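*Asks:* Here are the chains, one letter per residue:
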Amino acid sequence: MNRREFLRDVMFWSAGLSISIPRLSIAEVFAATPPSPYLAIEKGVDYIKLVEQVLASLGGMNKYVRPGDRVVIKPNIGWDRSPKQAANTNPVVVKALVEHALEAGAAKVLVFDRTCNEKRRCYKNSGIEDALKSLKNRKVRHEHIDNRKFIPVEIKRGKALTRMEIYRDALEADSYINVPVAKHHSLSTLTLGLKNSMGVIGGNRGQMHHNLGQKLADLATVIQPTLTIIDATKILLRNGPQGGNVKDVKRTDTILASTDPVAADAYATTLFGLKPTDIKSTVAAYQLGLGEMDIEKMQILSSTV
Amino acid sequence: MPPSKRNISFVFRRRFSQTVFLLLFFFLFIKTDYSGSDQLEYAVNILFRIDPFLAACVMLAVKGFVSLMLPALGLIILTLLLGRFFCGWVCPMGALIDLFHPLFRSRTKKTDTLYPQLSYTILFFVLAGAFFGLPLAGYLDPFSILVRGLSLSVHPALNQGATSFFTFTYQEAPGFVNAVTEPVYAFLKKTILPFDQKVYSLSLLSAFILFAVFLAELIQRRFFCRNICPLGALLGLNARLGFLKGHGGSNDCKKCRTCRSVCRMGAINEDRHIAMEDCTLCMDCLEKCPRDMITFKYTHSIHPPEPVSITRRAIVASIAGGAILPLFTGSRSLAKTPDPFLIRPPGALPEKKFLRRCVRCGECMKVCIGNALHPTFLEAGIEGMFSPTVRARIGYCEFNCTLCGQVCPTGALQVLQLPAKHIYKIGHAFFDKNRCLPYAKGIPCIVCEEHCPTPDKAIKFNTKIVKNDRGESVEVKQPYIVDNLCIGCGICENKCPLHDKPAVYITSAGEERNSESKLPETTSGYY
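Just so you know, the sequences run in chain order A and B.
For the first sequence, the working numbering begins at 1 and goes up steadily by one.
For the second sequence, the working numbering begins at 1 and goes up steadily by one.
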């Protein structure tokens, strides 16, 4: 029985009865963190090429998506903002990643986010819906969040969180690719990969803000992306996380990728002139052993930087 | 062609027409929603704009011409030519009443209209009220009742039913069932179901009023249309002056009076005279008449004036009522202290002008993408019931959305272009520092600041070291409002993570449409 079958069976046999809410705990991978995680970083104005390069540096998409896989690509589509306002992941980057996943033989590519503004406006005005529609491929889905699909999950290693409702598609994915946009956020200083995982949780998300750094790290113990790709093509420096003023946006033309979510966040922090230790969630996740935050200890793979 | 066949085809044509217009109505109803474009694709409010009763009320109220309502003139002209064809062939409310009539068995055998003066009394009362400052049209207009009931209650209920059912199948049924039900659900969501489950204040009352119209069929067929509907009364007065006349039985006929007993409008009297002010040209009498006596013809000559249902005394009394009653509104406490939580949608006219124009159609609430707009109960006075207000705890005003102004059929809400909407102030946010976590508890939060949509955020914060209830010193960000940036959209109130009462809330303070509600200026030194 694999995880998906288990989930399906639990859903089938017990859901609907309040006394038997499925309480799941996701098997955690305790494999020792590799001493030096790889971090691919590329700079340039051709974003499609940047995506290709970072994937190639990490061994190619085939390493992360196997034929027949159900792939989740999770961008930030949180806000009713246009691509040039840099509040959502760049649609060009999302589209390129979906194409790579398809090439690697994905059976289905799901792209979704639990938005903050109205769902349809966010999908539409982020440019992501139109970018995916232009692929005209039935394997690619960009459905809106379906409230029936949130499953309570126990967070065993959590220090501040014990239980969270998590989106079923995210849990069941064979390959989960996290594609945050790097931007300013007043409470967490920046929003990067770990913060982007808030897009797959249900319930009252505002309460995450009380002790946010630790809670994000706790969440990262159960939402472990196969790959984190940080879109720093345009970064929002002020008035985040939704911005709205293009004067707050800086073109950095950078994309970075890693299988280590903490390393990806840590390195992206430097693009804002900050240190990895400035971000509480990075520190908390490092302390939980979820990844590396010391840039000195990362193996940087790049042809342009 | 034998006459009997032609007669049947008239009834068939009428039903066909009713069906087509009903479907068109539902189509426009469903399309009263965001479609991926900032502009609506269809004139979804057209039904309200062809309504001469609403047009008359609005124009009397503003004492001027309202060009948005111009299409109503078309219906007046058509009614002069074709009688009350609208009621029988077009009106969606009438079509629904006819559709559901078989479910109700009328108690009375009486064919005459029970209260023949009532709808006219209502008409003149409401028209006079509109002129003298008591806007009541929305209470009784058939489309207001219908669209409001459907938007606020029936449509959400439909969604509730579908969601419950498909959640059950999704969670309980085996895969092969879901292989069928899930695509069906997806199809329904794409077509007739609302995008999201919305909630509304007064949803049950709106449903009750709508259902009452149908329940009244128990009393008499087309009870609402004959006894209440002020639009029907207005069209009736028009039709009476029109050129189309029905000719009923004569001396040749054998006094069977089948026509009289089948008439759903009580338009045919004992002498089998057809009163055009009541006749909706349903053509039932034409079909049922055993001797094919009944015809409808255009006449050029002016007929001897037919008796009207309403007496002169009743007309005077209803107009006097409409003129006198508004005087009493001046003595309410509301006249001096408006409800601070009455927050009108962006683009709303100043309160008095707004209420006079608003016809309570519910279109703005239906189209409101964030579920922010709700009907008021008594916040705007008894005559303001069902007018829109923002209830930010339920839904907030979406920054980039201008749909409510686009659907308003009367211009009570002005159409705003996006740049104007972005700085349009509908109210103002205030913090309750006794509840706001960084102030009251030393707990970091500022969810409000994160969501504040103005590009230069209207919610800013001071970073402070405070002691929490464990005596620990913690660094928190304490939010505050920048007055000239806040537009009162209410997203802060909506997203405030406190479960019960929010720690930030909006009031109508500083609303742009009211110069008296100006916020105190921090720089002036008076405060």
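If you are wondering where the hints come from, they were derived from the structure by calculation, not from laboratory data.
These numbers come from a predicted model, not from an experiment.
Where is the CB? At the ideal position from N, CA and C, for every residue including glycine.
Any given hint might turn out to be false.
Taking CB as the label site, the calculated pair distances span [stated by the list, open to error]:
1) Arg66/A x Phe16/B: 29 to 39 Å
2) Tyr42/B x Glu154/A: 43 to 53 Å
3) Lys467/B x Lys250/A: 34 to 44 Å
4) Arg66/A x Leu23/B: 42 to 52 Å
5) Val199/B x Glu143/A: 21 to 31 Å
6) Lys467/B x Asn62/A: 47 to 57 Å
7) Pro340/B x Ile295/A: 48 to 58 Å
8) Ser35/B x Gly59/A: 37 to 47 Å
9) Leu23/B x Asn62/A: 46 to 56 Å
10) Lys84/A x Ser37/B: 10 to 20 Å
11) Asn147/A x Lys31/B: 40 to 50 Å
12) Ile295/A x Val199/B: 44 to 54 Å
So, partial list: chain B residues that the calculated Cβ filter (under 8 Å) puts toward chain A [as the list claims (entries may be wrong)]:
13) Gly36
14) Lys477
15) Ile481
16) Asp483
*Asks:* Between the beta carbons of Tyr42/B and Glu154/A, is the distance compatible with 43 to 53 Å?
*Replies:* holds, 49 Å
*Asks:* Can the suggested window of 21 to 31 Å be confirmed for the beta-carbon pair Val199/B and Glu143/A?
*Replies:* Given a distance of about 23 Å, which is inside 21 to 31 Å, the answer is holds.
*Asks:* For Ser35/B and Gly59/A, compare the CB-CB distance with the range 37 to 47 Å and indicate the outcome.
*Replies:* The hint (37 to 47 Å, Cβ to Cβ) holds, given that Ser35/B and Gly59/A are roughly 43 Å apart.
*Asks:* So the hint says 29 to 39 Å: do the beta-carbon atoms of Arg66/A and Phe16/B match that?
*Replies:* violated, 58 Å
*Asks:* Have a go at the Asp483/B hint: is there a Cβ in chain A nearer than 8 Å to its own Cβ?
*Replies:* violated, 18 Å
*Asks:* Double-check Ile481/B for me: the hint is only fine if its C-beta lies closer than 8 Å to a C-beta in chain A.
*Replies:* violated, 15 Å
*Asks:* Determine whether the Cβ-Cβ distance between Asn147/A and Lys31/B falls within the hinted range of 40 to 50 Å.
*Replies:* violated, 25 Å
*Asks:* For Lys467/B and Asn62/A, compare the CB-CB distance with the range 47 to 57 Å and indicate the outcome.
*Replies:* Distance hint for Lys467/B, Asn62/A holds at roughly 55 Å.
*Asks:* Does Lys477/B pass the interface hint, meaning its C-beta sits closer than 8 Å to a C-beta of chain A?
*Replies:* holds, 7 Å
*Asks:* When the nearest CB of chain A is found for Gly36/B, is that gap smaller than 8 Å?
*Replies:* holds, 5 Å
*Asks:* Quick check on a hinted range of 44 to 54 Å for Ile295/A and Val199/B, using CB atoms only.
*Replies:* For Val199/B against Ile295/A, whose Cβ atoms are near 49 Å apart, the range 44 to 54 Å holds.
*Asks:* Using the C-beta atoms of Arg66/A and Leu23/B, is the stated range 42 to 52 Å upheld?
*Replies:* Holds - the Cβ-Cβ distance for Arg66/A and Leu23/B, about 49 Å, lies within 42 to 52 Å.
This entry does not satisfy hints 1, 11, 15, 16, going by the numbered hints stated previously.
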